[in-house]
Amino acid sequence: MLGLNSRDLQLLLLVIALTAFAPFLLNPFPVDSSLAQFNGGYPDLMQRFVIFGIFAIGFNILFGLTGYLSFGHAAFLGAGSYAAIWMMKLLTMNIIPAVTLSIIVAGLFSLAVGYISLRRSGIYFSILTLAFAQMSYSLAYSVLTPITGGETGLQPKISDPRILDGPLAAGASPRASLFGLEMSSSYELALGGWVFTFNVGYYIAAILMVISFYVAIRIFRSPFGLMLRAVKSNQNRLGYTGVSSKPYTLAAFVISGMYAGLAGGLLVAMDSQAGAERMFWTASGEVVLMTILGGAGTLIGPVLGAGLIKYLENIISKINETVLTGWFSWMPEGLQDAVVAMVYPFVGKGWHLTLGLMFMMVVIFLPGGLMEGLSRIGNLFSRKPKTSTDADDGAANSAPKAAE
Amino acid sequence: MRGGSFGVPTMEAFILQIVNGLDKGSAYALIALGLTLIFGTLGVVNFAHGALFMIGAFCAVTLSRLLTASKTVIDETKTDFLGNPAKTEVPYLYDIVGVDAANVIIDWAVPLSILFAIPVMMLIGVAIERGLIRHFYKRAHADQILVTFGLAIVLQELIKYFYGANPIPTPAPDAFRGSFDFGAMLGFDPNVIIYPYWRLVYFGFAAVVIGGVFAFLRFTTFGMVVRAGMADRETVGLLGINIDKRFTIMFGLAAAVAGVAGVMYTPINSPNYHMGMDFLVLSFVVVVVGGMGSLVGAVLAGFLLGILESFASMSAVLDVLPGINQIILYVVAIIILLTRPRGLMGRAGVMED
Chain B
1 MLGLNSRDLQ
11 LLLLVIALTA
21 FAPFLLNPFP
31 VDSSLAQFNG
41 GYPDLMQRFV
51 IFGIFAIGFN
61 ILFGLTGYLS
71 FGHAAFLGAG
81 SYAAIWMMKL
91 LTMNIIPAVT
101 LSIIVAGLFS
111 LAVGYISLRR
121 SGIYFSILTL
131 AFAQMSYSLA
141 YSVLTPITGG
151 ETGLQPKISD
161 PRILDGPLAA
171 GASPRASLFG
181 LEMSSSYELA
191 LGGWVFTFNV
201 GYYIAAILMV
211 ISFYVAIRIF
221 RSPFGLMLRA
231 VKSNQNRLGY
241 TGVSSKPYTL
251 AAFVISGMYA
261 GLAGGLLVAM
271 DSQAGAERMF
281 WTASGEVVLM
291 TILGGAGTLI
301 GPVLGAGLIK
311 YLENIISKIN
321 ETVLTGWFSW
331 MPEGLQDAVV
341 AMVYPFVGKG
351 WHLTLGLMFM
361 MVVIFLPGGL
371 MEGLSRIGNL
381 FSRKPKTSTD
391 ADDGAANSAP
401 KAAE
Chain V
1 MRGGSFGVPT
11 MEAFILQIVN
21 GLDKGSAYAL
31 IALGLTLIFG
41 TLGVVNFAHG
51 ALFMIGAFCA
61 VTLSRLLTAS
71 KTVIDETKTD
81 FLGNPAKTEV
91 PYLYDIVGVD
101 AANVIIDWAV
111 PLSILFAIPV
121 MMLIGVAIER
131 GLIRHFYKRA
141 HADQILVTFG
151 LAIVLQELIK
161 YFYGANPIPT
171 PAPDAFRGSF
181 DFGAMLGFDP
191 NVIIYPYWRL
201 VYFGFAAVVI
211 GGVFAFLRFT
221 TFGMVVRAGM
231 ADRETVGLLG
241 INIDKRFTIM
251 FGLAAAVAGV
261 AGVMYTPINS
271 PNYHMGMDFL
281 VLSFVVVVVG
291 GMGSLVGAVL
301 AGFLLGILES
311 FASMSAVLDV
321 LPGINQIILY
331 VVAIIILLTR
341 PRGLMGRAGV
351 MED
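First to last, the sequence lines map onto chains B and V. If you read the first sequence in our numbering, its first letter stands for residue 1, the second for the next number, and so on. If you read the second sequence in our numbering, its first letter stands for residue 1, the second for the next number, and so on.
In isolation and in its complexed conformation, chain B is listed as follows (with noise of 0.2 Å):
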């Protein structure tokens, strides 16, 4: 169905389910009960698993299949944004002209600095990516003012001239929808001590999430996704055979480039501001962590890793002393001080703290991610020996032999 073999249709269903019902699989916990904080169904939060998602399934594109590690695709999200923004700023609040712009112009950006980046490889690659976001980053803040908004950002004004928008209403405020279905409206529903919230914003980006998975496992498959697996696993060689291998990456590099585009359009349309910071280098590192996190080349790792980094930074950041006290309560006295001095600084405002400990140990521990540790603990319990072509398709060790 859908051009997909039994294994690619069950993970693609996995994802349209897992998206969903995201609303009361985050929800878990009741309202009122202490675990509430822990729930991450709420719609902003939500909106941010599926943008980063499509984002991580992007980069993967390049960096799971090709090998090309790029630090700089903070700027085609950037770059998306401020194609957005400005597409509300002058046409409509309607999302589909915004988020159509920020692809096309994140495909184009992306297309010239490929271009020149992709003349080189290996390590001068991810410095040349990074000098070009910096770049980017730079501009954007100082000289391009006039079209980023520097350091204030931008956001639809109500003096914009909207023209394909009548004339708002007096007393109200310009708000991103999709023909008239505002993005942060929202349906909730309450079931004895649960709230769940149905967003409107979500299931949009949501949507746009399976169709870009949908793409992503049809480009992993196709004869296209072989040829970047060859560049992964031997260019020489792939020299040797005749086949310039520069069209190839630099079309993963495009097409990751638009899917930055399409992740930084759908921010605009969810929180309707776009800001320079969006370009910085931490950004880019940020969709580097979410890939490898979850797994580079495999095709769910990324959402996963985008959703794990997500929910934690959320979640994480929230918790404070006063509830890390609550938490230890039951210990005696001293142990309960001695707990919360230890936990604490990984905690709120030591987040990045643990992720850059959390990024640290998967990387040393396990290259290939959750989804080869999934697969480890998977083969732990079944005694039949996996083969290559199981689970963790593109995880570093099964390349080669695709590409053979």
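Please keep in mind that the hints were generated in silico from the structure rather than gathered at the bench. Everything numeric in this text was worked out from a predicted model, so none of it was measured.
Listed next, the in silico SDA-like pairs over lysine to any residue satisfying Cα-Cα at most 20 Å (straight line):
| hint | chain 1 | residue 1 | chain 2 | residue 2 |
| --- | --- | --- | --- | --- |
| 1 | V | LYS160 | B | VAL343 |
| 2 | B | LYS246 | V | LEU338 |
| 3 | V | LYS160 | B | ASN320 |
| 4 | V | LYS160 | B | ILE319 |
| 5 | B | LYS349 | B | GLU277 |
| 6 | B | LYS349 | V | GLY164 |
| 7 | B | LYS349 | V | MET277 |
| 8 | V | LYS138 | B | GLY122 |
| 9 | V | LYS138 | B | PRO367 |
| 10 | V | LYS160 | B | THR354 |
| 11 | V | LYS71 | V | ALA101 |
| 12 | V | LYS160 | B | GLY350 |
| 13 | V | LYS160 | B | TRP281 |
| 14 | V | LYS138 | B | MET360 |
Under 10 Å between C-beta atoms, here's a sample of chain B residues computed to sit facing chain V:
| hint | residue |
| --- | --- |
| 15 | GLY67 |
| 16 | LEU69 |
| 17 | GLY122 |
| 18 | SER126 |
| 19 | LEU130 |
| 20 | MET135 |
| 21 | SER136 |
| 22 | VAL288 |
| 23 | PRO345 |
| 24 | LYS349 |
| 25 | GLY350 |
| 26 | THR354 |
| 27 | LEU355 |
We put the CB at the ideal spot given by N, CA and C, even for glycine.
Guided by the hints, dock chain V onto chain B, whose structure is given.
Frame of chain B, contents of chain V only:
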């Protein structure tokens, strides 16, 4: 930046921009030198090198805090604004070496921190190499980048946890505060080229460190073995030399170079936890421009780009190309990589996969 206000660049403005570029160039050169040392010996691209620079700066902060650690003494002869006996903070150091000597020591805390930073940074460097990077020699370059990137985040966040997020002012010794008329010394009109003392000190210090590293590699047996190892690690190993141990020490040395560069930079820029990352991205650019694996190239490119950046900040230039000072280094790096892929002085066969 007085020279910059002239519409037409003059000789004075020219020299001013060169000296202005020297201090930043020195920092670039020192960090790039360390990066290249690590890369040339161990073949690892160290994304945590900026963090080492930053830790060096915080060594200076730590030492000056240790030196000024005080007890509160109630002074009966004075009263505070409420009429109570005034409390004054008296550093413990006063009791140990006497008031005058203690004041001198506290005043010179930053230069003294060098002595403190060298062993600390060596230890940190060796620990990082033995504990972490050693396990990554056989892994892909991408993995090395990623693990050192993770390490950089961790180090940075640790510093932020202990020292807070705000920059911590760490002044230079009294003798070097303020500026002097550099132009008058060279025979130009007075008050045209004004240059802060400490920046000149920094440049001199960088020159000494760079000279020291080169002399060490050039004129000692240890350095000779290391250079041989850089050229052909396998052969040196076959000759029965424990090259790994020497390379570990070189990692410690590179960490110490970055550390002392950070120590001396504190009076120029108050250290904060993300200063390392800010410098790191630019230092990579420097290394790439200089040529991966070339020590001379790294140092030259460091100064060259520092000066270039300072020229790009002249208002005469900014009028023509607004914002060029923000991106000049990246533009240069892109042009160099595309026209001379090995950089200015890169060796053949380094990182050409």
